[in-house]
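Chemist: Under UniProt numbering, the residues of the sequence shown are numbered 1 to 115, in order.
None of these hints come from the bench; they were simulated from the model.
All residues carry an ideal CB built from backbone N, CA and C; glycine is no exception.
Some clues are possibly wrong.
[Claimed, not checked] Simulated pairs of lysine-lysine, BS3-like, Cα-Cα distance not exceeding 25 Å: (1) K81 <-> K8; (2) K101 <-> K74; (3) K24 <-> K106; (4) K38 <-> K21; (5) K76 <-> K38; (6) K74 <-> K85; (7) K21 <-> K74.
[What the hints assert, rightly or not] Pairwise CB distance ranges (calculated): (8) K8 <-> W103: 38 to 48 Å; (9) K101 <-> E9: 37 to 47 Å; (10) N10 <-> A63: 20 to 30 Å.
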Amino acid sequence: EFDQGSDKENIQVLKIAKVFKNPKFSILTVNNDITLLKLATPARFSQTVSAVCLPSADDDFPAGTLCATTGWGKTKYNANKTPDKLQQATLPLLSNAECKKFWGRKITDVMICAG
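Work the whole structure out from these sequences, hints included.
Modeler: Laid out in structure tokens, this is it:
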């Protein structure tokens, strides 16, 4: 759903058959912060609903590559609420060494850094 504050969009409400959490996820480090959901019934693809592209385990993401990111997360570090509308930004990927200059040990080898 693009706009969570609107009831004018056609939405699909689907049941979840199974949740696949990464067993290596750590809330302390935010390593491996991905979860996959298996739907009980297939979603109906349309102009606004499509499959997500997932990389292969051996794909490389060199620094400088432009990537698109989307989400409803905070737009400021001290924000009290998240936006209703889906946000999108195009960002260059950074090497983890460059990212560690800003974030230190919080950045690990399993993370992809952009900005």
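Chemist: Confirm or reject each hint.
Modeler: Tested hints:
{"no.": "1", "hint": "K81 <-> K8", "in the structure": "holds (22 Å)"}
{"no.": "2", "hint": "K101 <-> K74", "in the structure": "holds (23 Å)"}
{"no.": "3", "hint": "K24 <-> K106", "in the structure": "holds (16 Å)"}
{"no.": "4", "hint": "K38 <-> K21", "in the structure": "holds (11 Å)"}
{"no.": "5", "hint": "K76 <-> K38", "in the structure": "violated (32 Å)"}
{"no.": "6", "hint": "K74 <-> K85", "in the structure": "holds (11 Å)"}
{"no.": "7", "hint": "K21 <-> K74", "in the structure": "holds (23 Å)"}
{"no.": "8", "hint": "K8 <-> W103: 38 to 48 Å", "in the structure": "holds (40 Å)"}
{"no.": "9", "hint": "K101 <-> E9: 37 to 47 Å", "in the structure": "holds (41 Å)"}
{"no.": "10", "hint": "N10 <-> A63: 20 to 30 Å", "in the structure": "violated (40 Å)"}
Hint violations for this structure: numbers 5 and 10, all remaining hints satisfied.
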